[in-house]
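Student: So you can see what is in the structure, the chains are spelled out below.
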Amino acid sequence: MPKIVQSLQQHISQVSPEQPVRVIVRYRGTPEAAVTRAAVAGRVTTYRMVPFAALELSAQRVQSLAELDTVEQVWPDLPVHIWLQQSIVLLGVPQVWATGDRGQGIVIAVVDTGIDVTHPDLQGRVTLTKDFSGEGFQDNHGHGTHVAGIIAGNGSASNGEYSGVAPEATLIAAKVLKGDGSGLTSDVMAGVEWAVQNGAHVINLSLGSDGSCDGTDPLSQMCDAAVDAGAVVCVAAGNAGPTPRTVGSPGCAAKPITVGATDVNDHVASFSSRGPTADNRIKPDICFPGVAIVSCRAHGTSMGQTINEFYTSASGTSMATPHCSGAAALLLQADRSRKPQDIKNLLMNSAKDLNTDVYAQGRGRAQVYEAYLGHETPPPPPPPPSDGGGGCSQVIRRFWQVLPIGRT
Amino acid sequence: MAKSRIAARLARKWRASPQTQVHAIVRIVAEPEDVVSVLEQRGLKVVHLYRLLPAVAISGLAQDILSLADEDWVTSIEEDTQVHTM
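Heads up: the sequence lines are chains A and B, in that order.
Mapping to my numbering: the first sequence position 308 is 380, numbers consecutive.
Mapping to my numbering: the second sequence position 65 is 61, numbers consecutive.
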């Protein structure tokens, strides 16, 4: 077996001979002997328990090092990083965290099945709750806890792996759905109003009703009113795709951000509801990852595919929407003067075009760090319409409208 | 012709079962607190009063809710439907 592992051999053959290279060397014999031998080569780090040493030397010296009888094998000293959920990485969220912004000072309302406030990732983070379901606030379903974890879980039960988008944001929660995941529109409306009255900067609604709508129904109108009152409202597009015109209420509401779901390969999920709305508006507005999302598991529940005691994996526009809510929190923290329409514009104008039907992807898949920087993605030229006799379903539309900040 | 305050399909459904207990969301042009006593006098239960949107959520007999369609302070009557997780 070659003493220099293949990846390192390949590397040193591609760089200049003087290029510094960090390696880990296994020496024959005892750890103490390795210390002595490593000193000759330019020691960096040695170990007491094993005869290894971490060295930095020029690329051309790696070969001669490996030829020594005292050297058994040489590996590259590779950088390591924490494992984060793929969706968080895909969105560019860690780059935002690197600036110091992690949602501090932003209040996000979860209007859902309740939250397990004892979960390690959410303990001490939920500052206000109210039950509208009549069942008591406990999350007997698991959905609300999963959503809350995506928004603001701190990953403490997973060594940070399953952190949410805004892991230092504050949560308030209205339980409007019962343990079977259903509820009345009137209770959801009451939950939205309660969230506004209690200072929510962002409101997450990973719920809705089936059937096409035009935004004039009471719940959609309440969501519009919440936006007018200054809250960013993120709503799920629905899971009735890929059939067209399946965005239900409140996904069809004009002013909230309506969120479709993509997978980690940037394909719009087949279940993600498609537009247009009943009055022919483009919805969803944008897509976020919503397939196989691991997040907090409420105690005693079994929603999704359980990972362990504390986490479970689930799919749906319900899982995409809280990514949007967390992203909105990060953008608000960066500039507290921003209005809901500003946040919506930032996210939509920086989204990645997935080269598919606008009624599936909206503006595209969100790029949170790009939105944070205020970057705008150039709109692709619209393709010529195709009149193949099949009507709207035959036409792939790409409609990009750059929305000026401050204008509805 | 003034726009109907209740969808024809819903009105037919409730007229067909006037004694059924139903839930509705009623949008109004009055202050919500001002209509509470009126609603309660008609045997209707007020479940929620909203302020962001001028509306009330009520429950009661279908025939009693249908009668609200004749009131000038009512702009629309809609069934309080189910929503679910996504």
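It is worth saying that the hints were derived from the structure and are not from the lab.
Given the structure is predicted, the values throughout are model-derived calculations rather than measurements.
The beta carbon of each residue, even a glycine, is placed where N, CA and C say it ideally should be.
Do not rely on the hints blindly, as some may be mistaken.
To be verified - Only pairs whose alpha carbons sit at most 27 Å apart, straight line, appear in this in silico BS3-like list of lysine-lysine:
#1 K411/A x K9/B
#2 K41/B x K9/B
#3 K202/A x K9/B
#4 K250/A x K202/A
To be verified - Covered stretches of chain B (chain A as the covering partner; in silico rule of three or more C-beta atoms under 8 Å from a C-beta of chain A):
#5 0 to 9
#6 19 to 33
#7 44 to 53
Student: Name the hints, by number, that the structure is in violation of.
Tutor: As far as the earlier hints go, 1, 3, 5 are violated by this structure, in ascending order.
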